[in-house]
Amino acid sequence: ARQVLASGQGPTSFRKSDFTLPTVASLLDDLLRTLHKGRGFVFLRGLDVTRYDIDTLKIIYWGICSYLGEGISQNAQGEAMSAVTDYGDSFEGNDPYRHNIRAHRTTTEIHPHTDSCDYVALLCVRPAKSGGESAVVSSLAIYNELMATHPEYLQPLRRGFFLDLVGKGTSGKQLSFHRIPVFSYFSGKMSARFNKRQIELGAEKSIEGLDTLSQKAIDYVAELSLRDEFQLPMTFQAGDIQILNSRVTFHARKAFDDHAQPERKRLLLRVWLNALDPRPMAPEFANQLNTGERGAVTLRQ
Numbered sequence: 001a002r003q004v005l006a007s008g009q010g011p012t013s014f015r016k017s018d019f020t021l022p023t024v025a026s027l028l029d030d031l032l033r034t035l036h037k038g039r040g041f042v043f044l045r046g047l048d049v050t051r052y053d054i055d056t057l058k059i060i061y062w063g064i065c066s067y068l069g070e071g072i073s074q075n076a077q078g079e080a081m082s083a084v085t086d087y088g089d090s091f092e093g094n095d096p097y098r099h100n101i102r103a104h105r106t107t108t109e110i111h112p113h114t115d116s117c118d119y120v121a122l123l124c125v126r127p128a129k130s131g132g133e134s135a136v137v138s139s140l141a142i143y144n145e146l147m148a149t150h151p152e153y154l155q156p157l158r159r160g161f162f163l164d165l166v167g168k169g170t171s172g173k174q175l176s177f178h179r180i181p182v183f184s185y186f187s188g189k190m191s192a193r194f195n196k197r198q199i200e201l202g203a204e205k206s207i208e209g210l211d212t213l214s215q216k217a218i219d220y221v222a223e224l225s226l227r228d229e230f231q232l233p234m235t236f237q238a239g240d241i242q243i244l245n246s247r248v249t250f251h252a253r254k255a256f257d258d259h260a261q262p263e264r265k266r267l268l269l270r271v272w273l274n275a276l277d278p279r280p281m282a283p284e285f286a287n288q289l290n291t292g293e294r295g296a297v298t299l300r301q
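In terms of the numbering used here, the sequence shown opens at residue 1 and continues consecutively.
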């Protein structure tokens, strides 16, 4: 980290070759195998965030992430690392998506969903005063349950839906150009992409809407993903790093109460990564943001 700081590079402007980790490189290789070919998530504990200022901490975190994939833009500001914290964004009701507000900028509960990247990483700098627990769900387990209990729902889920991109498209108010499957099987691999509210808002804006079977299908996926039997809860402590394969897991967050002092507010740093050895995915599934296969969020002025 000191070498990167001395070189004048920013926290997200350097590559793996600039950040040598000889003592833990083999561990990171093992973690990558777990993400790519194993259970699809890892949880690291033990980074002492009190030892570093925020810029040094970001460099350490980005350096770790650089061994796992390539960082990509995750918002219209072009940020490759963003702060998951309460920005105080105001909206009416309890649905930030309807107001083009991304839920991670609020204190509200975030239901199980996927992100539009191969891997999503979160570093906890400060936990909330209370609440904010994370949960991981196996999307493959959800698929197996659908097969066993409601196979009739698979047809609309495989066909897919037009999604409201909630400000992440090439313009601020945009639907996906094509239907994006919830479950997509390609070259021997099953992948999932799910956000119930983006599907429902996309249906409101499109001319097709949602038929009864499609609504029942996404309701059931959402219901299954909230069941205790499918969720692995995780409580963040300062210094924890959670990394998920977003093609095979959903993730969620409980609502939280925060400290009044800005310097004590809940703060997580999020990085979106594309795998260097990408999972095979159907073209219509891989283009989730109207920016091409495995494309990032477009920078908008």
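I should point out that these hints are in silico values taken from the structure, not numbers from a laboratory.
Don't take every hint at face value.
[What the hints assert, rightly or not] Cβ-Cβ distance ranges computed for the label pairs, FRET-style:
(1) D211 to E263: 29 to 39 angstroms
(2) F186 to D257: 12 to 22 angstroms
(3) L276 to D53: 25 to 35 angstroms
(4) H259 to E293: 40 to 50 angstroms
(5) R51 to S206: 22 to 32 angstroms
[Claimed, not checked] The calculated lysine to any residue pairs, modelled on SDA-like cross-linking and capped at a C-alpha distance of 20 angstroms, are:
(6) K196 to Q174
(7) K196 to S206
(8) K196 to T108
(9) K205 to K189
(10) K37 to P280
(11) K189 to N144
(12) K129 to E293
(13) K254 to F230
(14) K189 to S26
(15) K58 to R39
(16) K196 to P280
(17) K254 to T235
(18) K189 to S138
(19) K16 to S26
(20) K254 to A275
(21) K129 to Y87
(22) K205 to F230
(23) K205 to F177
(24) K265 to L226
(25) K216 to N144
(26) K216 to R179
(27) K58 to R45
(28) K254 to L226
(29) K37 to V49
(30) K196 to G239
(31) K254 to E109
(32) K58 to G78
(33) K196 to T235
(34) K196 to H259
(35) K216 to R158
(36) K254 to S138
(37) K196 to D115
(38) K196 to E109
(39) K216 to E204
(40) K265 to V49
The beta carbon of each residue, even a glycine, is placed where N, CA and C say it ideally should be.
Results of checking the hints against the structure:
1. Judged by the Cβ atoms, the range 29 to 39 angstroms given for D211 and E263 is violated: they are separated by roughly 50 angstroms.
2. Our hint of 12 to 22 angstroms for F186 and D257 is violated, since their Cβ atoms are close to 42 angstroms apart.
3. Between L276 and D53 the CB atoms are about 30 angstroms apart, so this pair conforms to the stated range of 25 to 35 angstroms.
4. Roughly 42 angstroms separates the CB atoms of H259 and E293, a value that falls within the hinted 40 to 50 angstroms.
5. Between R51 and S206 the Cβ separation comes to about 51 angstroms, which falls outside the hinted range of 22 to 32 angstroms.
6. In summary, the hint linking K196 to Q174 is supported, as the alpha carbons are separated by about 16 angstroms, within the 20 angstroms threshold.
7. For the given pair, K196 sits about 15 angstroms from S206 by alpha-carbon distance, which is consistent with the 20 angstroms threshold.
8. Between K196 and T108, the direct Cα distance comes to roughly 16 angstroms. Compliance with the 20 angstroms bound is thereby established for this hinted pair.
9. As the CA atoms of K205 and K189 are separated by approximately 31 angstroms, the hinted pair breaks the 20 angstroms bound.
10. With a C-alpha separation of about 12 angstroms, the suggested pairing of K37 with P280 holds against the 20 angstroms cut-off.
11. Proximity of K189 to N144 is assessed by CA-CA distance (about 14 angstroms); at most 20 angstroms being required, the pair is judged to hold.
12. A C-alpha spacing of about 39 angstroms is found between K129 and E293, which places the hinted pair above 20 angstroms, so the restraint is violated.
13. The straight-line distance between the Cα atoms of K254 and F230 is roughly 16 angstroms, inside the 20 angstroms bound, and the hint therefore holds.
14. Of the supplied pair hints, the one linking K189 and S26 is violated, its CA atoms being roughly 26 angstroms apart against a limit of 20 angstroms.
15. Of the supplied pair hints, the one linking K58 and R39 is violated, its CA atoms being roughly 27 angstroms apart against a limit of 20 angstroms.
16. With a C-alpha separation of about 24 angstroms, the suggested pair K196 and P280 falls outside the 20 angstroms cut-off, and the hint is violated.
17. Only pairs whose Cα atoms come within 20 angstroms are accepted, and K254 paired with T235 is accepted, the gap being roughly 10 angstroms.
18. About 14 angstroms separates the Cα atoms of K189 and S138, which keeps this hinted pair within 20 angstroms; it holds.
19. This hinted pair checks out: K16 and S26 have alpha carbons roughly 14 angstroms apart, not beyond 20 angstroms.
20. For a cut-off of 20 angstroms, the pair hint linking K254 to A275 is broken: about 28 angstroms separates their Cα positions.
21. Only pairs whose Cα atoms come within 20 angstroms are accepted, and K129 paired with Y87 is accepted, the gap being roughly 16 angstroms.
22. About 31 angstroms separates the Cα atoms of K205 and F230, which puts this hinted pair outside 20 angstroms; it is violated.
23. The suggested pairing of K205 with F177 holds, with an alpha-carbon distance near 12 angstroms, which does not exceed 20 angstroms.
24. Note on K265 and L226: the hinted pairing is violated, with a Cα-Cα distance of about 27 angstroms set against a maximum of 20 angstroms.
25. At roughly 17 angstroms between alpha-carbon atoms, K216 and N144 fall within 20 angstroms of each other, so this suggested pair holds.
26. Between K216 and R179 the CA atoms are separated by roughly 18 angstroms; this keeps the pair inside 20 angstroms, and the hint holds.
27. Taking the CA atoms of K58 and R45, the gap is near 16 angstroms; set against the 20 angstroms cutoff, the hint holds.
28. A distance of roughly 11 angstroms separates the Cα atoms of K254 and L226; the hinted pair therefore holds under the 20 angstroms criterion.
29. The suggested pairing of K37 with V49 is violated, with an alpha-carbon distance near 30 angstroms, which exceeds 20 angstroms.
30. Proposed proximity of K196 and G239 is contradicted: the alpha carbons are some 31 angstroms apart, above 20 angstroms.
31. For the suggested pair K254 and E109, the alpha carbons sit about 5 angstroms apart, so the restraint of at most 20 angstroms is met.
32. Of the pairs offered as hints, the one joining K58 and G78 holds, with about 16 angstroms between alpha carbons and a cut-off of 20 angstroms not exceeded.
33. Distance restraint check for K196 and T235: the Cα-Cα separation of roughly 24 angstroms exceeds the 20 angstroms cut-off, and the hinted pair is therefore not satisfied.
34. About 30 angstroms separates the Cα atoms of K196 and H259, which puts this hinted pair outside 20 angstroms; it is violated.
35. As the CA atoms of K216 and R158 are separated by approximately 14 angstroms, the hinted pair is consistent with the 20 angstroms bound.
36. Between K254 and S138, the direct Cα distance comes to roughly 18 angstroms. Compliance with the 20 angstroms bound is thereby established for this hinted pair.
37. A C-alpha spacing of about 12 angstroms is found between K196 and D115, which places the hinted pair at or below 20 angstroms, so the restraint holds.
38. The suggested pairing of K196 with E109 holds, with an alpha-carbon distance near 14 angstroms, which does not exceed 20 angstroms.
39. Annotation: proposed proximity of K216 to E204 holds, straight-line Cα distance about 16 angstroms (limit 20 angstroms).
40. Distance restraint check for K265 and V49: the Cα-Cα separation of roughly 15 angstroms lies within the 20 angstroms cut-off, and the hinted pair is therefore satisfied.
The structure fails hints 1, 2, 5, 9, 12, 14, 15, 16, 20, 22, 24, 29, 30, 33, 34 (numbered hints given earlier, in ascending order).
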